[in-house]
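Listed below are the residues making up each chain.
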Amino acid sequence: MGLLDRLAPRRDAEPAPIAATAADDPVFATKALRKFLTSLTSREAPVLLDLGPVVGSNVGFFGETLGCKIFVEDIYADLERHVREGTLDAFPEFLRKRFPQADGSVDGILCWDLIDYLDRASAQALAAELVRVLRADGALLGFFATAQPKEVRYTKYIIVDEVNLKHRTYPSSRARQAALLNRDIIRMFTGLRVSDSFLLQNNLREILFRKTV
Amino acid sequence: MEKDIVNIGKSVVIKGELNGSEDLTIEGHVEGTIQLKEHVLTIGPNGKIKAQVFAKSVIVLGEVTGNVTASDKVDIRDNGSVDGDIISPRVAIAEGAHFRGSVDMQRKGTAGQSTAPKPAAAPQAATAQPQPQPAAR
Numbered sequence: 001m002g003l004l005d006r007l008a009p010r011r012d013a014e015p016a017p018i019a020a021t022a023a024d025d026p027v028f029a030t031k032a033l034r035k036f037l038t039s040l041t042s043r044e045a046p047v048l049l050d051l052g053p054v055v056g057s058n059v060g061f062f063g064e065t066l067g068c069k070i071f072v073e074d075i076y077a078d079l080e081r082h083v084r085e086g087t088l089d090a091f092p093e094f095l096r097k098r099f100p101q102a103d104g105s106v107d108g109i110l111c112w113d114l115i116d117y118l119d120r121a122s123a124q125a126l127a128a129e130l131v132r133v134l135r136a137d138g139a140l141l142g143f144f145a146t147a148q149p150k151e152v153r154y155t156k157y158i159i160v161d162e163v164n165l166k167h168r169t170y171p172s173s174r175a176r177q178a179a180l181l182n183r184d185i186i187r188m189f190t191g192l193r194v195s196d197s198f199l200l201q202n203n204l205r206e207i208l209f210r211k212t213v
Numbered sequence: 001m002e003k004d005i006v007n008i009g010k011s012v013v014i015k016g017e018l019n020g021s022e023d024l025t026i027e028g029h030v031e032g033t034i035q036l037k038e039h040v041l042t043i044g045p046n047g048k049i050k051a052q053v054f055a056k057s058v059i060v061l062g063e064v065t066g067n068v069t070a071s072d073k074v075d076i077r078d079n080g081s082v083d084g085d086i087i088s089p090r091v092a093i094a095e096g097a098h099f100r101g102s103v104d105m106q107r108k109g110t111a112g113q114s115t116a117p118k119p120a121a122a123p124q125a126a127t128a129q130p131q132p133q134p135a136a137r
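If you read the protein sequences in the order shown, they are chains D and Y.
Numbering of the first sequence is given in my numbering, commencing with residue 1 and proceeding in unit increments.
Numbering of the second sequence is given in my numbering, commencing with residue 1 and proceeding in unit increments.
Extracted from the complex, chain D is given alone in its bound form:
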């Protein structure tokens, strides 16, 4: 089976949460998280870069359970600030200077669905920086929508366990941009290879990249 065959086609079905919590945050299954965690646990004291808003329980999970050193770099907040200030044109350049981490110093990156909210230039700038900081054979986990949802919201991904994520939405000033094709995603992350790709019932594509050695 070819690489593009393994990557998911587009679908337009409604999301299908497998459970609902008391707080009404839907919980969705995740296939790629376990593999991402496996890549981290193969390292001693792995370094993790989380591009989403800080989630206390995730910090506990990665820090206490997996022994990671975690860098929390909330790029969604940076994007939101640029949208509100009307400085999106400067966002690609901002991203090129945003990450203080040294080349090849990070073992794993949680990109979540950030790329979906970026224009092409910003996404390319971010991807190049992520490839730069990731060590050889390090892993990057990204989520990509298969369609462009109408609601304007970001999502916090809260780890329930290694196969389930709670999705907690919060208001944003920016909607997802056009859903990317698999080939465009792969080209964007030049220097990484697709290790695993899954299409979930909620129509989210999970792609696990590994940096080529």
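Derived DSSO-like pairs: lysine-lysine, alpha-carbon spacing no greater than 27 Å straight-line:
1) 156(D) with 73(Y)
2) 69(D) with 56(Y)
3) 37(Y) with 69(D)
4) 97(D) with 50(Y)
5) 73(Y) with 69(D)
FRET-style restraints, in silico, Cβ to Cβ:
6) 10(Y) with 42(D): 45 to 53 Å
7) 20(Y) with 153(D): 42 to 50 Å
8) 20(Y) with 128(D): 45 to 53 Å
9) 95(Y) with 149(D): 20 to 28 Å
10) 56(Y) with 97(D): 31 to 39 Å
11) 14(Y) with 78(D): 26 to 34 Å
12) 213(D) with 106(Y): 20 to 28 Å
13) 212(D) with 9(Y): 56 to 64 Å
14) 148(D) with 38(Y): 51 to 59 Å
15) 102(D) with 31(Y): 26 to 34 Å
16) 175(D) with 20(Y): 49 to 57 Å
17) 79(Y) with 178(D): 33 to 41 Å
No lab work stands behind these hints: they were computed from the structure.
The beta-carbon is built from N, C-alpha and C at its ideal position, and this holds for glycine as well.
Starting from the known structure of chain D, arrange chain Y on it as the hints suggest.
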């Protein structure tokens, strides 16, 4: 036994090194270094800290800019804010808190011991059990 607790009020501004041997609550502004190695430091809702912080436990309800090192726990409560790196074996960050920086929960004194990660399991609760707040005097 009654614990000694000191309160630095809203109008107080301190620049320099702050050392202590009792629990401390800061509601004012502090710039420099804070060392309470065996005690609890609470940054109150009005507290603004630009300092390197060393304490047994640090509870943040206000704003901290600087690195925070705690031998026991760092607890960033709702609306609390930390811009800096945290080193502590236990870290709790509440929903609604702001944090930017790194978190290193490696326990000191375990050098040489195996640090092989445990199998992944359900994460800890988002916030730890409430700790008693030191009362201001």
